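Using the sequences plus the hints, can you model the full thing?
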Amino acid sequence: MANEVLEARGLSKAYARRGMLRKSTGRVQAVDGVSCRLTRGETVGLVGESGCGKTTLAKLLVGLVQPTAGEVLVRGTPLARLRGSELLAARRAVQLIFQDPMHSLNPRMTVEAILSEPLIIHGLARGQIARRARVDQLLASVRLPASYRTRLPRELSGGERQRVGIARAIAVDPDCLICDEPIASLDVSVGAQILELLRSLREERGMGLLFISHDLRAVAWLCDRLMVMRDGRVIETGASAGLLAQPRDPYTALLIRSASLDLDAV
Amino acid sequence: MSLLTVENLEIAYRHEGRRIPAAEGVSFAVEPGEVLALVGESGSGKSSVALALTRLLPPSAECSGAVRFEGTELLTAPEHALLRIRGGRIAYVFQDPAGSLNPVLTIGEQLLETISRHSGARGAGAEARVVEWLERVGIRDAAERLRAYPHEFSGGMQQRVMIAMALAGQPELLVADEPTTALDVTVQVQILRLLRDLQHSLKLSVLLISHDLTVVERLAHRIGVMSQGRLVELGRAEQVLRAPQHPYTKELLRYRSMLSLPGRRDG
Numbered sequence: 001m002a003n004e005v006l007e008a009r010g011l012s013k014a015y016a017r018r019g020m021l022r023k024s025t026g027r028v029q030a031v032d033g034v035s036c037r038l039t040r041g042e043t044v045g046l047v048g049e050s051g052c053g054k055t056t057l058a059k060l061l062v063g064l065v066q067p068t069a070g071e072v073l074v075r076g077t078p079l080a081r082l083r084g085s086e087l088l089a090a091r092r093a094v095q096l097i098f099q100d101p102m103h104s105l106n107p108r109m110t111v112e113a114i115l116s117e118p119l120i121i122h123g124l125a126r127g128q129i130a131r132r133a134r135v136d137q138l139l140a141s142v143r144l145p146a147s148y149r150t151r152l153p154r155e156l157s158g159g160e161r162q163r164v165g166i167a168r169a170i171a172v173d174p175d176c177l178i179c180d181e182p183i184a185s186l187d188v189s190v191g192a193q194i195l196e197l198l199r200s201l202r203e204e205r206g207m208g209l210l211f212i213s214h215d216l217r218a219v220a221w222l223c224d225r226l227m228v229m230r231d232g233r234v235i236e237t238g239a240s241a242g243l244l245a246q247p248r249d250p251y252t253a254l255l256i257r258s259a260s261l262d263l264d265a266v
Numbered sequence: 001m002s003l004l005t006v007e008n009l010e011i012a013y014r015h016e017g018r019r020i021p022a023a024e025g026v027s028f029a030v031e032p033g034e035v036l037a038l039v040g041e042s043g044s045g046k047s048s049v050a051l052a053l054t055r056l057l058p059p060s061a062e063c064s065g066a067v068r069f070e071g072t073e074l075l076t077a078p079e080h081a082l083l084r085i086r087g088g089r090i091a092y093v094f095q096d097p098a099g100s101l102n103p104v105l106t107i108g109e110q111l112l113e114t115i116s117r118h119s120g121a122r123g124a125g126a127e128a129r130v131v132e133w134l135e136r137v138g139i140r141d142a143a144e145r146l147r148a149y150p151h152e153f154s155g156g157m158q159q160r161v162m163i164a165m166a167l168a169g170q171p172e173l174l175v176a177d178e179p180t181t182a183l184d185v186t187v188q189v190q191i192l193r194l195l196r197d198l199q200h201s202l203k204l205s206v207l208l209i210s211h212d213l214t215v216v217e218r219l220a221h222r223i224g225v226m227s228q229g230r231l232v233e234l235g236r237a238e239q240v241l242r243a244p245q246h247p248y249t250k251e252l253l254r255y256r257s258m259l260s261l262p263g264r265r266d267g
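So the sequence lines, in the order shown, correspond to chains A and B. Numbering-wise (the numbering used here), the first sequence opens with residue 1 and increments by one. Numbering-wise (the numbering used here), the second sequence opens with residue 1 and increments by one.
Please note: incorrect hints may appear among the correct ones.
[Claimed, not checked] Below are the SDA-like pairs computed for lysine to any residue, each with C-alpha atoms no more than 25 Å apart in a straight line:
#1 K250/B / S185/A
#2 K250/B / A184/A
#3 K250/B / K59/A
#4 K203/B / D262/A
#5 K250/B / Q193/A
#6 K250/B / D215/A
#7 K203/B / L263/A
#8 K59/A / R199/A
#9 K59/A / D184/B
#10 K250/B / E160/A
#11 K203/B / E160/A
#12 K203/B / R199/A
#13 K203/B / R86/B
#14 K250/B / W221/A
[As the list claims (entries may be wrong)] Where chain B lies over chain A, by a calculated footprint (3+ residues, C-beta under 8 Å):
#15 177 to 189
#16 212 to 220
#17 246 to 258
[What the hints assert, rightly or not] From the derived model, a few chain A residues whose C-beta atoms are all more than 10 Å from chain B:
#18 V65
#19 Q99
#20 S104
#21 R233
#22 T237
The hints are simulated quantities; they were obtained by calculation from the structure and are not laboratory data. Here the structure is a predicted model, which means the values were calculated and not measured. Here a beta-carbon is modelled for each residue, glycine too, at the ideal position from N, C-alpha and C.
Here it is in structure tokens:
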């Protein structure tokens with residue numbers, strides 16, 4: 001498929017479990033044989049509870065963690081086989097947004113420096129004038145005023161920091177964004193505004209979006225397709241509306257009932 | 001008569017020579033057997049209010065106004081009088097059970113300490129109460145499990161223990177500050193159901209603090225909405241949820257309905 005940006009084939013990651021005195025006491029299968037694909041313009045939601053392996057999967061997909069089995073393909077080529085400029089291009093195509101923008105933004109860098117860095121690394125908007133124009137444009141696309149250029153992360157609210165994190169990710173014009181719990185540490189109203197921003201960015205730019213969250217309500221609002229993860233495996237996948245209306249797996253059904261906090265139905 | 005009356009509560013933190021207000025002119029009452037929820041976003045002052053009731057605020061906080069609990073003025077009561085109330089007649093459950101439990105004592109030892117402190121029970125009688133309370137909060141094989149350490153329990157089980165510890169002193173008022181926020185959603189449901197059932201059976205008064213309107217809706221009889229240190233709206237739960245008056249409450253409800261699942265009744 002021409003539009004296909006990202007594909008995982010039988011992806012697995014096992015960590016050594018360490019007991020007392022760092023003695024190995026076996027292995028934890030964090031991700032266990034996951035296959036999935038993401039195309040441009042598509043929003044896929046990955047939902048699961050803590051410890052289900054969703055963050056490890058995100059790290060595998062962007063190559064921050066090496067799989068113990070299986071492979072990640074970016075635009076049809078295995079990530080592990082890429083080197084040099086091809087690897088750089090693949091990394092540019094798939095960008096990541098983190099849960100906690102306080103820890104994922106360098107506290108000593110101004111917003112302008114934070115947003116310029118990926119442009120410099122990938123040789124985009126060369127020259128100071130072009131770069132500054134691009135930074136202003138990026139701030140505008142995440143609905144922040146251009147005057148925020150000179151601010152430091154600590155001078156921003158949580159929601160504003162997350163907007164800067166998003167601006168940094170879209171700076172290199174990626175084919176897809178992987179968002180790992182991007183609203184989990186934000187207030188409800190701020191989180192809802194970030195969801196609205198992600199939706200409109202997806203529409204404006206036609207990116208693919210993999211939205212990872214423990215919050216089924218947020219995932220259901222944003223995404224066309226859902227994947228439910230449990231104990232390292234994807235146990236159910238399907239179009240959002242259908243999956244919510246008629247879950248096949250009992251665990252999916254439990255998650256749906258729980259998400260509305262219906263105390264008498266579970 | 002109200003169990004707890006809060007009048008014109010003002011809280012401010014001193015920080016680097018500045019005075020940062022956390023609560024301004026907050027007044028409300030909690031009736032016997034009632035669940036009153038304070039809802040608001042982070043920084044709205046709701047947790048400061050919860051802590052101020054029994055003078056649990058850090059020394060950097062200034063607090064004025066009146067907090068009356070069954071005839072005792074808590075803000076000015078001598079410390080020894082407060083010791084009998086705090087943890088006993090007014091008990092707390094916080095967000096993070098792992099941070100509230102002592103990691104080097106077993107579950108049973110910690111519960112035993114609470115029970116002997118607040119009920120005076122000793123020996124076999126106290127131990128029987130430990131088992132009884134663990135069973136009441138839904139911990140199976142309680143006689144066995146009380147020998148476990150906190151880290152051997154999941155987050156949900158730890159929170160059950162915290163609830164047992166809070167209720168074992170037979171409080172009249174339970175202050176539950178974000179009791180399910182740190183838990184997975186399937187566990188949240190279990191803990192909320194436990195709180196609801198215990199509130200019913202013990203006819204407990206509860207001050208519930210939460211940022212989540214859905215959590216609040218499940219338990220609260222009345223809802224107070226806090227924004228920037230002020231209680232901007234207070235009313236019966238159905239009334240606040242159906243016909244919110246304050247713009248901030250309307251905003252909260254708009255996001256809640258945006259994020260409700262299709263076909264669900266809280267839409």
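Results of checking the hints against the structure:
{"no.": "1", "hint": "K250/B / S185/A", "verdict": "22 Å, holds"}
{"no.": "2", "hint": "K250/B / A184/A", "verdict": "22 Å, holds"}
{"no.": "3", "hint": "K250/B / K59/A", "verdict": "38 Å, violated"}
{"no.": "4", "hint": "K203/B / D262/A", "verdict": "22 Å, holds"}
{"no.": "5", "hint": "K250/B / Q193/A", "verdict": "15 Å, holds"}
{"no.": "6", "hint": "K250/B / D215/A", "verdict": "22 Å, holds"}
{"no.": "7", "hint": "K203/B / L263/A", "verdict": "19 Å, holds"}
{"no.": "8", "hint": "K59/A / R199/A", "verdict": "23 Å, holds"}
{"no.": "9", "hint": "K59/A / D184/B", "verdict": "22 Å, holds"}
{"no.": "10", "hint": "K250/B / E160/A", "verdict": "23 Å, holds"}
{"no.": "11", "hint": "K203/B / E160/A", "verdict": "44 Å, violated"}
{"no.": "12", "hint": "K203/B / R199/A", "verdict": "46 Å, violated"}
{"no.": "13", "hint": "K203/B / R86/B", "verdict": "19 Å, holds"}
{"no.": "14", "hint": "K250/B / W221/A", "verdict": "20 Å, holds"}
{"no.": "15", "hint": "177 to 189", "verdict": "holds (count 3)"}
{"no.": "16", "hint": "212 to 220", "verdict": "holds (count 6)"}
{"no.": "17", "hint": "246 to 258", "verdict": "holds (count 5)"}
{"no.": "18", "hint": "V65", "verdict": "23 Å, holds"}
{"no.": "19", "hint": "Q99", "verdict": "14 Å, holds"}
{"no.": "20", "hint": "S104", "verdict": "19 Å, holds"}
{"no.": "21", "hint": "R233", "verdict": "17 Å, holds"}
{"no.": "22", "hint": "T237", "verdict": "18 Å, holds"}
Of the hints listed earlier, those the structure fails to meet are numbers 3, 11, 12, in rising order.
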